[in-house]
Amino acid sequence: MAAGDLEVRGLGMQFEGLSALSDVSLRVPAGEIHGLIGPNGAGKTTLFNCLTGFYRPTAGGVWLSSDRIDGFAPHEISAAGISRTFQNIRLFSNMTTIENVLVASHRRIGGVTGYHTLSRRERYVLIDKMRIPVRVPMALAAGLAEIAGAIVRPPAARRHERDAVERGQQLLKSAGLGGRENVVARNLPYGDQRRLEIARALATGPRLLLLDEPTAGMNPQESSAMVALIRRIRDEFDTTIVLIEHQMRVVMGVCEQITVLDYGRKISEGTPAQVQKDARVVEAYLGTRALKEGGHATP
Amino acid sequence: MLESVRPGVPRLPEWAHALIFLIVGLLGWYFLDDTWVRMLFLVTLYATLGMGLNVVVGLAGLLDLGFVAFFATGAYVVAIWGAPISPSVDGVVNYWVLLPMAVFAGAGIGMLLGLPVLPLRGDYLAIVTLGFGEIIRILALNMDDYTRGSSGIFALAKPDYGAETVDSVREFFIMILIAAMAVWFVTARLRDSKVGRAWEAIREDEDVAQGMGINTVRYKLMAFAIGASIGALGGAIYAPFVDFVAPAQFSLIVSINVLALVIIGGMGNTTGVIAGSAMLIGVPELLQFQETADVLAKFEWLRDGLNVFIDGFNAVSFADLGKLPPSEEWGDKLALYRFIVFGALLVMVMVLRPSGLFPSRRRELEFTAEEPAPAGSA
Amino acid sequence: MTVIFLTSAEFWADQLVNGLTTGSIYALIALGYTMVYGVLQLINFAHGEVFMIGSFAGYGVLVAMGGDDTSGAMIALALVLAMIAASAASMGTALAIERIAYRPLRNAPRLAPLISAIGVSVFLSHLVDDGFLTGRSKYYPSIFPDGALELGPLTISALQIFLMGSSLAMMGGLWWVIQRTKLGRGIRAVAESRDNASLMGIDVNRAIVVTFALGAIMAGVAGVLYGLFYSAIRGSMGFIPGVKAFTAAVLGGIGSVQGAVIGGYFLGLTETVGRELLNEIPGVSLPNQWKDVVAFSLLVLVLIFRPNGIFGQKETKRA
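Chains as they are written, first to last, in the working numbering: chain A, 14 to 312; chain B, 956 to 1333; chain C, 5 to 323.
If you are wondering where the hints come from, they were derived from the structure by calculation, not from laboratory data.
We put the beta carbon where it would ideally sit given N, CA and C, even for glycine.
Incorrect hints may have been included.
As the list claims (entries may be wrong) - Label pairs and their computed distance ranges (CB to CB):
| id | chain 1 | residue 1 | chain 2 | residue 2 | range |
| --- | --- | --- | --- | --- | --- |
| 1 | C | Asn292 | A | Ala169 | 40 to 48 Å |
| 2 | C | Arg140 | B | Ala1252 | 20 to 28 Å |
| 3 | B | Ser1123 | A | Asn195 | 43 to 51 Å |
| 4 | C | Ala100 | B | Ile975 | 52 to 60 Å |
| 5 | C | Asn209 | A | Ala16 | 45 to 53 Å |
| 6 | C | Ser301 | B | Asp1099 | 51 to 59 Å |
| 7 | C | Asp72 | B | Leu1261 | 26 to 34 Å |
| 8 | B | Val1047 | C | Leu153 | 38 to 46 Å |
| 9 | B | Ile978 | C | Asn292 | 48 to 56 Å |
| 10 | A | Asn101 | B | Leu1307 | 32 to 40 Å |
| 11 | A | Asn101 | B | Asp1099 | 34 to 42 Å |
Claimed, not checked - Away from chain B, derived, C-beta distances all over 12 Å, residues of chain C:
| id | residue |
| --- | --- |
| 12 | Met78 |
| 13 | Ile122 |
| 14 | Gly135 |
| 15 | Gln164 |
| 16 | Leu302 |
| 17 | Gly313 |
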């Protein structure tokens, strides 16, 4: 597998006897924009939560760039290269836009320990090999060093922070939020909040970006702008993208491959054209809503 | 740096607040008599403790109801190893060795306590810390071999400088003032670093912070350990000041005092912490002064009125509540009543100013916002 | 386990009865915590003082009815009146606290009502202790008839039977109100979601007030039972039982009514039977003063392994 490939095998998620996902498998090659669709309650967001460590899947496995990552804590998965946005926007709403981005680049702001300068892969090998007697003193030392660095503020730390702010400003600019660094996130217009969420997700340096309904609540113009942004992100940041989407215009316009979920199972996959013709997909949507190209799947 | 990206607020910079506090403290130290300096010492001590707890509650958003545990840890480290009278430990260690020992012990205990609980939901942390605060006191009470139980430890080793020893109220006041300034600097630096930003993100939305790559347990633990070590520092200075360390000094009311002054002052804000300390520690202390009693003795009619009320209450409820004493005894009585005043003050300030006397700019924003959804909701 | 039987069966029976007795009181108080937490997500720190006020009201009635000299059928009447007075006083206190210290802060940041609650708690306990009693305790008249029930190794005094019986009756009554009446339905709806309940036309304020009132009635009765059993009452008497009851509520899964009851008994038994069982381990010595340490250590252990309480429902972290 190449760096940035996502592979999900036989993933299952059970809540108290309720099966939210069962035996879901999918493969997203690096650099692809992949759509995840399905009626409400089909398990799309649950799948995202499993991929990002918010839920611990009860069956199956997740591989990113050939590293198995299921069972990792969310912050470890973020370090491994998956980042996400949320269906109901969840910004740090009392922090400014740049601060939102800086929080997400936290791990990439160099520390005194040198640990942060290791590549992601090296770091994971290291963590895996280390046993408790080594990890505890190391974590203590790293913590002390971090506190000392914050208090003393050595020139290196200042430089790292400055670099992070610059990188963050660049990111905001590419997300179309240039010049709004100091606006408190809560005061941004809705569309900009969505953009900020994407910028924040990018700040973790992801190989794989998961977008949960990036155009929800947007008018056609805003949606087209979002589609353009998604394409640009893929090219500019060299990331794989999986997005959950209800607006079929967006799905058909931007996704190269699509996976369809219904009742927690994968019922179809393929190119947009293939999926559209699939009888099972039409059936899943019938009775709830009609699937029409260019129309809204959700009223 | 971070400050550069925060919107400018036209008010005095923080260092000016610190400077004003320092000057007021020094003026008091120079002009006032020992009774007053003692009060200033307590106000500054509690302000220091408040700054420590503020890291936990105000910056990282963790509710700690057992801060007294760390205060006690610091005091007992200094007492057990610094007093000839303490059993089980021979010899006396120099105070300047004990002080950092106390601080590290505080951090260690903080981490030991925090490690199992910090991954859990906030309210559980509150009750576990509350319990732990009580446990430390019970341990101190029952581990006679080290703490001499309820009889306590006295005659502690005093800090020395050159050939001199710190043993007067005035000298201790200078010591706590220096400690307060140092703690202020350290906590301000931490708040304005990437560590502080991680805390803020955790306070805002813990799940998302973790999703964005923050090791939340690590940073919560860090906040807890830093708060604990500041609490221990306070205890280590308080112990030789009163020259007596016994379990009765470490009851829940200390934790409540510190938490209350942090919140009343305006969470997340050091200036507010000092104001809160002046109000909650200074005012009740003030009630113990004879001068205050003399002034209040002029309000005899208030006493008569209250006594009529008490009579009435006794008549309808068959209770036998004591009447308020004549004004000559008010000096003693006021000291006794200070907790009643304290409780009423807490309720009043919270109801009138729920975000504290001096809300920090950031907090002010939060308070006008909707309540953030609890971690459990989608 | 053979070691256990080195001590007599009577000893363990005693521990069991003591555990159930304190457990009953913890459970009654815990109900108030858990219900208020359920509807408001507030740790009602002043609940221990609501309990204390009830205890004093009951004391007032018992003294007025003749104190130690009460006899015959008058004892039953005095006890009933004491409980009614205690419930009423506790309820009045709780409602006043809700109105003055909590309601204005309903939409304030989460810590503000907590501090306000702590303020009420400090105010009330010190008002009674320093303001009215000047440090002295009051003592419940010992009017309850002696006598005990013996069942093999088990000896239960009449007072203990009365205590456990009336707690169970109160809990049964509460359960009935919550599960079977319209008032209870309102409370349950508000506990589910305050917003949804108000959309469904439920008077949220009323449900909250009723919650406080019900919790206070339980606490008031617990106050009288406590006074009858331990005799000495003080302004600060509410603190330890309050903290313990809250611990019990957390153990049982906070917000859950059944959980609070089970947690209360569980905690009571842990402090007595559990502690003595630990003492059977060679080298361990935990005298009665250590019961709080045992209780809180148990709490920490339970929270590590069962973060939602022993009987709490599993809650999956949601994004």
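Range hint 43 to 51 Å: satisfied by the CB atoms of serine 1123/B and asparagine 195/A? 50 Å, holds
Could you check the hint for me, namely that asparagine 292/C and alanine 169/A are 40 to 48 Å apart, CB to CB? 58 Å, violated
Please confirm whether glutamine 164/C is truly not at the interface, meaning its C-beta sits more than 12 Å away from all C-beta atoms of chain B. Given a closest Cβ separation of 27 Å, the condition holds.
Range hint 52 to 60 Å (beta carbons of alanine 100/C and isoleucine 975/B) holds or violated: 41 Å, violated
CB of arginine 140/C to CB of alanine 1252/B, is that within 20 to 28 Å? 26 Å, holds
Nearest-CB test (12 Å) between chain B and leucine 302/C: The claim breaks: leucine 302/C does not keep its Cβ more than 12 Å from every Cβ of chain B (closest is about 10 Å).
Return holds or violated for the Cβ distance of asparagine 209/C and alanine 16/A against the range 45 to 53 Å. With a Cβ separation near 58 Å, asparagine 209/C and alanine 16/A fall outside 45 to 53 Å, so the hint is violated.
So is glycine 313/C really clear of chain B, every C-beta pair being over 12 Å apart? 9 Å, violated
If you check the beta carbons of asparagine 101/A and leucine 1307/B, does the distance land in 32 to 40 Å? Taking Cβ atoms as reference, asparagine 101/A and leucine 1307/B lie about 34 Å apart, which means the hint holds.
Could you say whether the range 48 to 56 Å given as a hint is met by the Cβ separation of isoleucine 978/B and asparagine 292/C? 53 Å, holds
Interface exclusion of methionine 78/C relative to chain B, criterion Cβ beyond 12 Å: 15 Å, holds
Within 51 to 59 Å or not, the Cβ separation of serine 301/C and aspartate 1099/B? The hinted range 51 to 59 Å is violated for serine 301/C and aspartate 1099/B, with Cβ atoms some 20 Å apart.
Checked against the numbered hints above, the structure breaks hints 1, 4, 5, 6, 8, 11, 13, 14, 16, 17 and satisfies the rest.
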